[in-house]
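> Go ahead and model the full structure; you've got the sequences and the hints to work with.
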Amino acid sequence: MRLPLRFPFETSFGRTEAKEFLLVSASADGLTGHGECVADPDPYYLPETNGTVLHLLRDFLVPLAFSLEIGHPREVLPAFARVRGHEMAKAALEMAVWDLWARREGVPLWRLLGGRGGRIAAGVSVGLQADVGALLENVAREVAAGYRRIKIKIKPGHDRDLVAAVRAGFPSVPLMVDANSAYRLDDAPLLRELDGFGLTMIEQPLGWDDLVDHAALQRQVETPLCLDESIRSADDARRALEIGACRVVNVKVGRVGGFAGALAVHDACRSRGAPVWCGGMLESGIGRLANVHLQTLPGFTLPGDTAASARYFEEDLVDPPVVVSPDGEIAVPDGPGLGHAIVERRVERATAFREEWTRP
1 MRLPLRFPFE TSFGRTEAKE FLLVSASADG LTGHGECVAD PDPYYLPETN GTVLHLLRDF
61 LVPLAFSLEI GHPREVLPAF ARVRGHEMAK AALEMAVWDL WARREGVPLW RLLGGRGGRI
121 AAGVSVGLQA DVGALLENVA REVAAGYRRI KIKIKPGHDR DLVAAVRAGF PSVPLMVDAN
181 SAYRLDDAPL LRELDGFGLT MIEQPLGWDD LVDHAALQRQ VETPLCLDES IRSADDARRA
241 LEIGACRVVN VKVGRVGGFA GALAVHDACR SRGAPVWCGG MLESGIGRLA NVHLQTLPGF
301 TLPGDTAASA RYFEEDLVDP PVVVSPDGEI AVPDGPGLGH AIVERRVERA TAFREEWTRP
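Sequential numbering of the sequence shown, starting at 1, is according to the numbering used here.
Read the hints as simulated data drawn from the structure, not as lab findings.
For each label pair, taking beta carbons as the anchor points, the in silico distance ranges come out as: (1) D29 with A164: 52 to 62 Å; (2) R84 with S172: 38 to 48 Å; (3) Y44 with L64: 24 to 34 Å; (4) R104 with D319: 14 to 24 Å; (5) V212 with A130: 30 to 40 Å; (6) R354 with P4: 15 to 25 Å; (7) A165 with R104: 45 to 55 Å; (8) P360 with D327: 43 to 53 Å; (9) L64 with D42: 22 to 32 Å; (10) A352 with S172: 41 to 51 Å; (11) S27 with G85: 22 to 32 Å; (12) L190 with G30: 53 to 63 Å; (13) S172 with E137: 13 to 23 Å.
Ideal placement from N, C-alpha and C gives every residue a C-beta, glycine not left out.
Listed below in structure tokens is the structure:
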């Protein structure tokens with residue numbers, strides 16, 4: 001599928017002008033559940049791409065899923081264990097099964113996950129801008145919209161001055177930075193300068209698959225480090241916390257193999273007293289709602305990157321869209337499954353390719 005973004009989003013990886021993604025729909029008993037894949041067309045965030053995901057689904061995961069008899073959606077991810085890696089492919093199918101199961105049971109997804117209803121706090125991620133003035137304008141707009149936490153992207157040459165400008169303009173707003181693996185351990189002196197700005201955390205400053213250098217960096221900086229790309233399982237989270245590679249963990253369902261993986265990471269962090277929060281991948285309302293439900297679990301004590309649909313898309317795939325209240329909260333849906341209607345005509349308009357598999 002392809003959904004144009006209202007505004008380009010830039011990180012240290014590059015510039016994104018449209019969200020291109022795979023949507024997996026699983027049907028049974030006259031009902032359909034949906035799972036949005038967070039892979040991109042390129043392998044710049046993690047090695048998986050839309051192309052590799054389609055290959056894994058078609059040739060391995062879907063045939064394996066059709067062979068299963070499961071008693072709960074938690075059993076899907078362990079059944080995929082013989083396929084090594086490919087967490088995003090696994091997650092897309094697994095999440096569709098969770099949504100389908102919740103719809104069949106007539107309960108909201110959060111209840112099936114063991115969460116709660118009510119409302120969650122929303123944070124927002126601001127991409128790299130053309131200049132400091134444009135960044136401050138964007139931050140001012142998001143603060144005025146009520147977001148509880150601001151995250152800005154940084155990369156070498158675009159870091160300390162950006163943080164200093166935002167902190168000077170917004171001295172009390174909870175602020176964090178995300179480097180998306182753009183730095184090296186040799187950059188520790190520069191990153192240590194950020195300690196003076198009262199940041200809530202520095203997200204993934206070093207290598208995407210590194211724990212050891214992050215542990216060395218955490219010993220040199222006061223600001224808590226948060227790991228994103230480096231955490232692809234509960235074991236990764238456990239190891240990272242045990243060696244002091246981070247103090248906070250970003251949980252993305254698609255990055256850890258699905259909801260069962262996210263629950264395991266959540267539990268591993270909570271048992272060690274480490275807070276977690278939910279990162280975003282420019283998802284449509286389908287993936288965005290999945291993130292909303294996940295954040296009702298008790299370990300999610302920090303606002304996630306779950307901004308309003310209208311911030312990204314002129315027209316989302318769900319109705320009603322995801323909205324953020326003036327006080328920076330999102331209402332958790334109470335309807336079955338994801339809880340909002342999937343607008344099929346919008347899905348059809350955004351669909352560039354479709355493939356269907358049927359259980360033998």
